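Colleague: Chain residues, written in single-letter form:
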Amino acid sequence: MTELLQNLIDGLGRGSIYALLALGVAVVFGVMHLLNFAHGEMITVAGYVAFWTIGTNDWSWWLVVPLIVLSAIATSLVIERIAFSRVRGASDFTLLLTSFGVHFVVSAIFLLYVSASVKTFPRPTWVANTYSVRSLNIEVFDTVVIGVTLVTLIATTLLLQRTMFGLSLRAAAADFDTARLMGVKSDSVIRGAFALSGLLAGIAGVFWLMRAGSTTPTAGIDPMLKGVLAALIGGLGSLRGAVIGGFALGLAEVLLRSRLPDSVASLTEGVVFLLIALLFIFRPQGLITVAHAERV
Amino acid sequence: MKLRLVVTLLAVFGLIAAACGDSSESSGGSGGGSGGGLDIDAILGADLADCADAPSGDPIKVGMAMDFSDVVGFVDIPGSNLVPYVAELANCSGGINGRPIEVRVAEVGDDAALATAELLDWGAHFLIGPPFADFALPILQTTEGKVPLFVAASTEPTLADAAINSYLVTFDDHQMSGAAAQWALDEGITRAIVFTEGEGIPYTGVNPDAFIAAFEAGGGEVVSIQTYVWAADTDFSAQVNEIAGISENNEVVFSAALGFQVTALRGQLEGQGLDALTYIGTDALDATGIQVEANNEGIAHTPHTSISAGDRIDSLLAGYEAAKGEALESRGFMALYVDSMFVGIQGMLDCDCNDSEKIGEAVKVISGFQGLSGEITYDGTNGIPPKAVPINRIVDGEDVLVATIG
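Chains W and F supply the protein sequences, listed in that same order. Quick note: the first sequence uses our numbering, first residue 1, plus one each step. Quick note: the second sequence uses our numbering, first residue 1001, plus one each step.
Possibly wrong hints are sitting among the right ones.
Distance ranges between label pairs, derived from CB positions [said to hold, decoys possible]:
| # | chain 1 | residue 1 | chain 2 | residue 2 | range |
| --- | --- | --- | --- | --- | --- |
| 1 | W | Glu3 | F | Ala1403 | 34 to 40 Å |
| 2 | W | Trp59 | F | Asp1311 | 32 to 38 Å |
| 3 | W | Val271 | F | Glu1144 | 40 to 46 Å |
| 4 | F | Val1395 | W | Glu3 | 33 to 39 Å |
Chain W regions said to be covered by chain F (calculated; three or more residues, Cβ under 8 Å) [claimed, not checked]:
| # | stretch |
| --- | --- |
| 5 | 3-14 |
| 6 | 206-220 |
In short, the hints are calculated from the structure, not lab data. The structure presented is a predicted model; accordingly, all values stated were derived computationally and were not measured. Just so it is clear, CB atoms sit at the ideal spot from N, CA and C, and this is done for glycine as well.
Bound-form chain W, shown alone (with noise of 0.2 Å):
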């Protein structure tokens, strides 16, 4: 019972992660329809930032951490600026083709003009330390990660639900054109989207480099992957199922690692893959389904 109470808070941990990563890709799908394989550039330049701020330069964590979100924000937006604003209206298919172009231009850019190689930098000091709480070993970084995601989540909620920019979301989300014909600017709703997608990948990006202390140019693509998985689990387009589906995920992992036979232990990846291909052979549209108007 305690190991299952630890694998729980093990996985919400990691799901918070994920959640974040979810929510930023399922906000740009809301918008654009597209599926964002380039999400996880936004960590690897953030990657960088850290390497060489705090790896090279021995610059404190607390400095740090704004950075990384910013640069996540800004490579938002600049890659939407620079490639998906270039083919706006395209077909969906173009649009994916194009997330995967960014993907492989930025993970280029850091192969040929920094290193091939695995870049580090120390992890704060804190992220290993653990507390006790009867029998069970808590980490503080899962106490922390899961209480800065249920805060970036109220106020992500807020944001959509209580200020003009949310609602221009959910409208432009819910049909894009009827949103322009009402008024909505269509080019502030879409770099607000980017914006807002940057913002969460930053934040998720904070605790994932914490964990990680390291960066390499094709970084981005175990995040990105957790992201698009999670949001594909939830619901494409849904944000709440994007935030369950992060953390299931989680989750999943976790316990499956724990409770798999050690003779078949190392399938767990395998294992979670199976069981989402069962969801969407069942339910192909996630837990969560959306109603879209279709843009034609």
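Guided by the hints, dock chain F onto chain W, whose structure is given.
Modeller: Only chain F this time, still in chain W's reference frame:
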């Protein structure tokens, strides 16, 4: 609906796919053969500002099929920079028996066979290739086993096969992880925790397999085998919870994981109060810079060369930096690339020929070649030189040689 199905299928397919020694003190040269030896010290001591007359004989052509991607670019990129520099030094010192060395580098990209064909068309006498079967096997298929291939930075035993002219230049996974197990036993440690990606998986599973076999054969007990995802996992919460329930805080923790993974794992284990464990890993720790990681004190690893200030490898790398204005990464692997070239040339000298098949026959019987990375012998082997394995450890912040096994 259609869109979501297409996107879902694309994503699922994409995601499933994604889931998926000592420096010698002598001056080099071969113990056998008819063509004489290489004077490695003379080559490395050449002064590029004061060269001998340019050699004018038929060039010795060295082909390098290298991967510049993030997969093995961390060794192949610096390796493919260093080898031409050493060729420059050799030519500066008068060449090899009056013959200049020419080096051509072809990036394997997505088509190692094409890069190999380019090098063979150019007339390469022998090839230096990237580690990992994904790259090396297409090269061997293209050469049809007729051109010697030195898989410079690889420890993968399945890539060595003298019958088809494929050679490792260093010890293989079994020697490396067997040495790690022996070192742990020599330290008096009798219990081990092993991290693996799965039995039999190249490198990430074969090394743990070899460690377990050697550790148990030496009387040790493996108390826990944990799985992880190589080069990705940095959250080991599930594994740490399980280990915390069985550890006596006196085990050796072995894996073929990368530096940042081992330090992450160590941090989490120490967070659970397991602060007296001993950590040892493979050459992956050297490749990923365990020397500069935080929380690395006491971690041991098995580099290919243990470099100390002022030794031949250190001097060569310093000379490169001074000449080219940039430091090379993955320093511990660099001597393997240089030795790949030297041992190929030694084969040419031994057979006194330019024919690749005959060069291969000569390489097969090379014995006692004193290279930059240690002694290399292929005679009587299947292409894996039986080299001693250095054990380095981070002591007081310095990466120092603490033992040599074999």
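Colleague: Confirm or reject each hint.
Modeller: Hint by hint, here is what the structure shows:
1. W:Glu3 with F:Ala1403: 34 to 40 Å: holds (38 Å)
2. W:Trp59 with F:Asp1311: 32 to 38 Å: holds (35 Å)
3. W:Val271 with F:Glu1144: 40 to 46 Å: holds (41 Å)
4. F:Val1395 with W:Glu3: 33 to 39 Å: Since the Cβ atoms of valine 1395 of chain F and glutamate 3 of chain W sit about 36 Å apart, the hinted range of 33 to 39 Å holds.
5. 3-14: With 6 residues closer than 8 Å to chain F, the stretch 3-14 of chain W meets the three-residue bar; holds.
6. 206-220: The restraint on the stretch 206-220 of chain W holds, since 7 of its residues have a Cβ under 8 Å from chain F and three suffice.
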